[in-house]
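Student: Now for the letters of each chain:
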Amino acid sequence: MSGEYNPSPEGNPSFLARRNRFQTALVRFIGKRTPKCREVVRILSQSMDSKLSLTMRIKLRLHYLICAWCQRYQKQLHELRKIASSVPDQVDEFSQDTLSSTAKERMKEALRENRRE
Amino acid sequence: MTAGGDIPHRPRLDGQPLGVCGGWASRQRKKNVSHEQTDVKYLRPKFRGKSSERSWLCVILKNKICDYFRKLGRETCFTDLEFLEDELSHKFVSQGFWNHETGPLEWKPEAEVVMHRAEFWETFRDCLAKLPQRVADVFMLREMEEMETPRICEALNISPNNLWVMLHRARMALRECLEMNWFKEPQQEGHL
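If you read the sequences in order, they're chains G and P.
Everything in the first sequence is counted per our numbering, starting at 1 for the first residue and increasing by one.
Everything in the second sequence is counted per our numbering, starting at 1 for the first residue and increasing by one.
Hints are computed from structural coordinates only; laboratory data are not their basis.
Just to be clear, a hint being listed does not mean it is correct.
[Said to hold, decoys possible] What follows is a list of derived Cβ distance ranges for each label pair: (1) P:148 with G:82: 10 to 20 Å; (2) G:101 with P:95: 54 to 64 Å; (3) P:159 with G:13: 57 to 67 Å; (4) P:112 with G:114: 40 to 50 Å; (5) G:20 with P:82: 16 to 26 Å; (6) P:146 with G:21: 46 to 56 Å; (7) P:133 with G:104: 22 to 32 Å; (8) G:13 with P:85: 25 to 35 Å; (9) P:154 with G:21: 46 to 56 Å; (10) G:101 with P:94: 30 to 40 Å; (11) G:22 with P:146: 41 to 51 Å; (12) G:20 with P:122: 42 to 52 Å; (13) G:24 with P:63: 51 to 61 Å; (14) P:112 with G:21: 37 to 47 Å.
For each residue, glycine too, the CB sits at the ideal point set by N, CA and C.
Work out the full structure, taking the sequences as your base and the hints as a guide.
Tutor: So, in structure tokens, the structure goes:
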């Protein structure tokens with residue numbers, strides 16, 4: 001493999017690694033036909049905001065077979081979303097920086113007045 | 001709406017501006033309290049009781065956020081696109097694959113397990129604070145407010161392409177920061 005980077009060195013936790021001749025051929029085949037990891041992480045971020053084409057989704061699936069890292073990245077983007085969307089509930093609990101009691105009172109008073117009108 | 005009865009969501013009202021947009025709200029909240037009062041007063045007669053009062057107030061606040069950013073977008077120049085410009089290129093080998101020494105680690109214990117811990121949220125907030133303001137705003141609007149991307153583009157007056165770049169880099173930076181400051185540290189596991 002003259003000068004070609006080996007995307008699957010020893011200890012690769014991916015489903016497909018170069019463990020035998022058959023796997024090596026598959027890894028090289030998939031490595032050539034799917035986007036490189038640097039591109040994959042960009043595509044993965046896009047996939048969080050819009051639906052990818054079927055072809056791209058298949059390509060990503062194939063890529064995961066040879067790249068456990070991109071698969072982890074994808075999973076973690078979803079975890080990040082879950083984390084971020086849970087923040088507001090937690091902020092109230094943990095934040096010391098809350099509305100001052102006078103501000104709260106003013107808002108309540110305004111609502112009360114409004115009801116009377 | 002029953003006249004005279006207590007507004008059922010009132011206890012949540014105070015917390016709501018915080019929830020609407022975490023960091024942004026904490027900076028703007030005080031400034032906005034008086035505006036909210038005015039708006040609530042002003043808009044009250046228009047409220048027909050078709051939705052709950054809470055969601056109605058949320059809509060007002062969300063629109064306020066949009067207005068705020070729209071104004072900001074016209075006022076500031078756009079240097080935040082420079083943030084994380086190299087997109088962690090040192091983590092990839094020149095052929096574009098992950099460097100296997102520095103590729104993403106498995107998060108253990110998983111985020112769901114640690115999400116009830118105050119220390120975790122501190123770490124998350126610290127990481128969020130490291131992002132440039134605009135990048136953090138974009139991320140929060142998308143992931144915390146679950147605002148659709150076209151709406152963010154409109155509110156912040158930025159192109160869809162710039163938005164994607166900023167979101168990608170924000171996610172990349174946050175993922176990295178959480179991994180370095182939380183998931184990588186082995187002592188965390190024993191604390192559950």
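Student: So which of the earlier hints does this model not fit?
Tutor: Going through the list in order, the structure violates hints 3, 5 and 10 and respects the others.
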